[in-house]
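J.: Note that the protein sequences, when read in sequence, are chains A and B. Last residue of the first sequence? That's 346 in our numbering, and every number before it is there in order. Last residue of the second sequence? That's 346 in our numbering, and every number before it is there in order.
If you are wondering where the hints come from, they were derived from the structure by calculation, not from laboratory data. From the three backbone atoms N, C-alpha and C, an ideal C-beta is built for every residue, glycine too. Be aware that a few hints might be false.
[Stated by the list, open to error] Which bits of chain A does chain B cover? Going by a derived footprint, with three or more residues having C-beta under 8 Å, they are:
| id | region |
| --- | --- |
| 1 | 61 to 71 |
| 2 | 74 to 80 |
| 3 | 119 to 125 |
| 4 | 143 to 149 |
| 5 | 188 to 194 |
| 6 | 251 to 264 |
| 7 | 284 to 293 |
Number of protein chains: 2
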Amino acid sequence: MFENNDKTNINDLGEFGLIQHLTQAVELTEKSTVKGIGDDAAVLDFSDKKTLISTDLLLENVHFDLRYVPLKHLGYKAVQVNLSDIYAMNGMASQITFSIGLSSKFPLEAVEEIYEGALIACKKYNVDLVGGDTSASVQGLVISVTSMGYADTDRIAYRSGAKEGDLLCVSGDLGGAYVGLQLLEREKQIFLENPQIQPDLEGKDYIIERQLKPEARKDMIELLAKLHVKPNAMIDISDGLASEILHICKASNVGCKLHEDKIPIDPMTYETAREFGLDPTVCALSGGEDYELLFTVPQADYDKIKGQLDISVIGYMTEAAAGCNMISKSGNVHEIKAQGWNAFGK
Amino acid sequence: MFENNDKTNINDLGEFGLIQHLTQAVELTEKSTVKGIGDDAAVLDFSDKKTLISTDLLLENVHFDLRYVPLKHLGYKAVQVNLSDIYAMNGMASQITFSIGLSSKFPLEAVEEIYEGALIACKKYNVDLVGGDTSASVQGLVISVTSMGYADTDRIAYRSGAKEGDLLCVSGDLGGAYVGLQLLEREKQIFLENPQIQPDLEGKDYIIERQLKPEARKDMIELLAKLHVKPNAMIDISDGLASEILHICKASNVGCKLHEDKIPIDPMTYETAREFGLDPTVCALSGGEDYELLFTVPQADYDKIKGQLDISVIGYMTEAAAGCNMISKSGNVHEIKAQGWNAFGK
Chain A
1 MFENNDKTNI
11 NDLGEFGLIQ
21 HLTQAVELTE
31 KSTVKGIGDD
41 AAVLDFSDKK
51 TLISTDLLLE
61 NVHFDLRYVP
71 LKHLGYKAVQ
81 VNLSDIYAMN
91 GMASQITFSI
101 GLSSKFPLEA
111 VEEIYEGALI
121 ACKKYNVDLV
131 GGDTSASVQG
141 LVISVTSMGY
151 ADTDRIAYRS
161 GAKEGDLLCV
171 SGDLGGAYVG
181 LQLLEREKQI
191 FLENPQIQPD
201 LEGKDYIIER
211 QLKPEARKDM
221 IELLAKLHVK
231 PNAMIDISDG
241 LASEILHICK
251 ASNVGCKLHE
261 DKIPIDPMTY
271 ETAREFGLDP
281 TVCALSGGED
291 YELLFTVPQA
301 DYDKIKGQLD
311 ISVIGYMTEA
321 AAGCNMISKS
331 GNVHEIKAQG
341 WNAFGK
Chain B
1 MFENNDKTNI
11 NDLGEFGLIQ
21 HLTQAVELTE
31 KSTVKGIGDD
41 AAVLDFSDKK
51 TLISTDLLLE
61 NVHFDLRYVP
71 LKHLGYKAVQ
81 VNLSDIYAMN
91 GMASQITFSI
101 GLSSKFPLEA
111 VEEIYEGALI
121 ACKKYNVDLV
131 GGDTSASVQG
141 LVISVTSMGY
151 ADTDRIAYRS
161 GAKEGDLLCV
171 SGDLGGAYVG
181 LQLLEREKQI
191 FLENPQIQPD
201 LEGKDYIIER
211 QLKPEARKDM
221 IELLAKLHVK
231 PNAMIDISDG
241 LASEILHICK
251 ASNVGCKLHE
261 DKIPIDPMTY
271 ETAREFGLDP
281 TVCALSGGED
291 YELLFTVPQA
301 DYDKIKGQLD
311 ISVIGYMTEA
321 AAGCNMISKS
331 GNVHEIKAQG
341 WNAFGK
């Protein structure tokens, strides 16, 4: 990934030196941040709002492969993935802590890139980096991100709030991140067999970006507020549409009817899935990592969302006894099963 | 550490199954917890208090050695270490998130022990476990803990609040955790050379516990409140007394005079340090991991704290130009230098 020649050894800086160096570019802009980096704990002021908190662990060779993930993208994605959980509560993200464990073979320049990516994400999403931990790792690269945010009590959307008759909606399109990953894995294999061959990713920018540089849907939270829509239930799509639908159904004690032909799939995702011999619908259902928002709204809100190009109504919620089913394009009924990504490989 | 025979393979549970299994014992008792585990983010309500947040990363073979750290102690300590940062703001800890990355060679029973230790700590300190992440690790064991808490604005003690003339105080005693570590390392070496020899730790319970099972000083925060003492500055001692004093001096732009003969060192720490040919004062200054609280109070508060057996006045703050010095037992003046533990080994 990088050469150690002419690079700065992080051992020369020491832990405090490294933290100071990395955090010098940190700016605080959120009004809820009272005190950021530099004390035992950060101090935040959410006044009359509820505090939201979520955390993610990203481990080398489990969640990312440094052979094709650029470090700056990795820092960016680590933040996005975690912010997405705050937006999935229908809240606004406002702060993160960012911890890294890295082996001393990492030159300073490499750590800087990860951090730079994280800070670009913070800036773009108006989030303050207020703390973290920096440590040596005798194993691979470890990243842990915790996000905080806030919401008015009556705006918070839990997984458990879906009601029978609600419309099932999703933002953006699905399956792209997974198909992008297949493309990157294929090129990695080709490269490993013959390092002279340059990766062929031409024209595939969109799905590569979906995998390497996902965007949490802050804009969707803002749009829903503008449309005066309060979702009854909401979750972000990290493990695949099927798994997330089942989470909502279980937590809300409802069933659902999902229409396959309504699932939004980008043409490039569709075509590339086909090239790989994959069913695009399966990629959307089980691929994961799209970080779109899945939510249910009362039928009465249909008029408010129907003109929105970035929101697809993909089905509706039923009584629990009817189960969780997908109506296929050919009209068959299939039970929805979770085959989402599992960190333990089962 | 453990055999895989007759143990439950975590792969059989899958990620969601593992989370469900581990979290079934979680009880929520904090009134500021609105929603704990089970949604995209936890929801907390600190009403008119400020929110405090801190995070730590603990990595196998950097922060702990599974050859002598019992897993339950590891879970317990991981929580304590992080709560300590909230208390060091003169606040009350109320929630944690607890993330684990573990290789699939870990049987379920091993993960349960780590979790059990974490939950014992939560229960003892009235802290709710409200979230986390559980992942496979192809490397060693990874633990990431984030703590939240709260404080009234006018009670928060930053590192930067120390004033010239303040008394420099410390809770408990110092150096024990470091000397306990030396003892464990020695017994590990003996064991590695001859596995038939049982570890000889008899009569050393106190310093072994200081290393393996530290207690964050919540009681000290409660005591200071009861005594109507508001520290001007506060920090917890994770890297050693010297390093923490320098943090306060730098952040507060003051100097200090530390009296060696006032540094509280337990007799067992003292004797065992001597057995190892170590200077007990150096163990206190640079050993770290004691998780005691270092704080400064106005001289006017002296009468309020002087009768407290668990608080030692070890010096006082001076103007910055006078530097940070220790007056040795023989009356010599030494500049205080940080030789605290550095994760990057320098």
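J.: A separate judgement is required for each hint: does it hold in the structure or not?
T.: Going through the hints against the structure:
1. 61 to 71: holds (count 3)
2. 74 to 80: Coverage by chain B is violated here, the residue count being 0 at a Cβ distance below 8 Å.
3. 119 to 125: Per the Cβ count (0), the hint is violated.
4. 143 to 149: Our answer is that it holds, as 5 residues pass the Cβ test (under 8 Å) against chain B, meeting three.
5. 188 to 194: Three-residue rule not met by the region 188 to 194 of chain A, so violated; n is 0.
6. 251 to 264: violated (count 1)
7. 284 to 293: violated (count 0)
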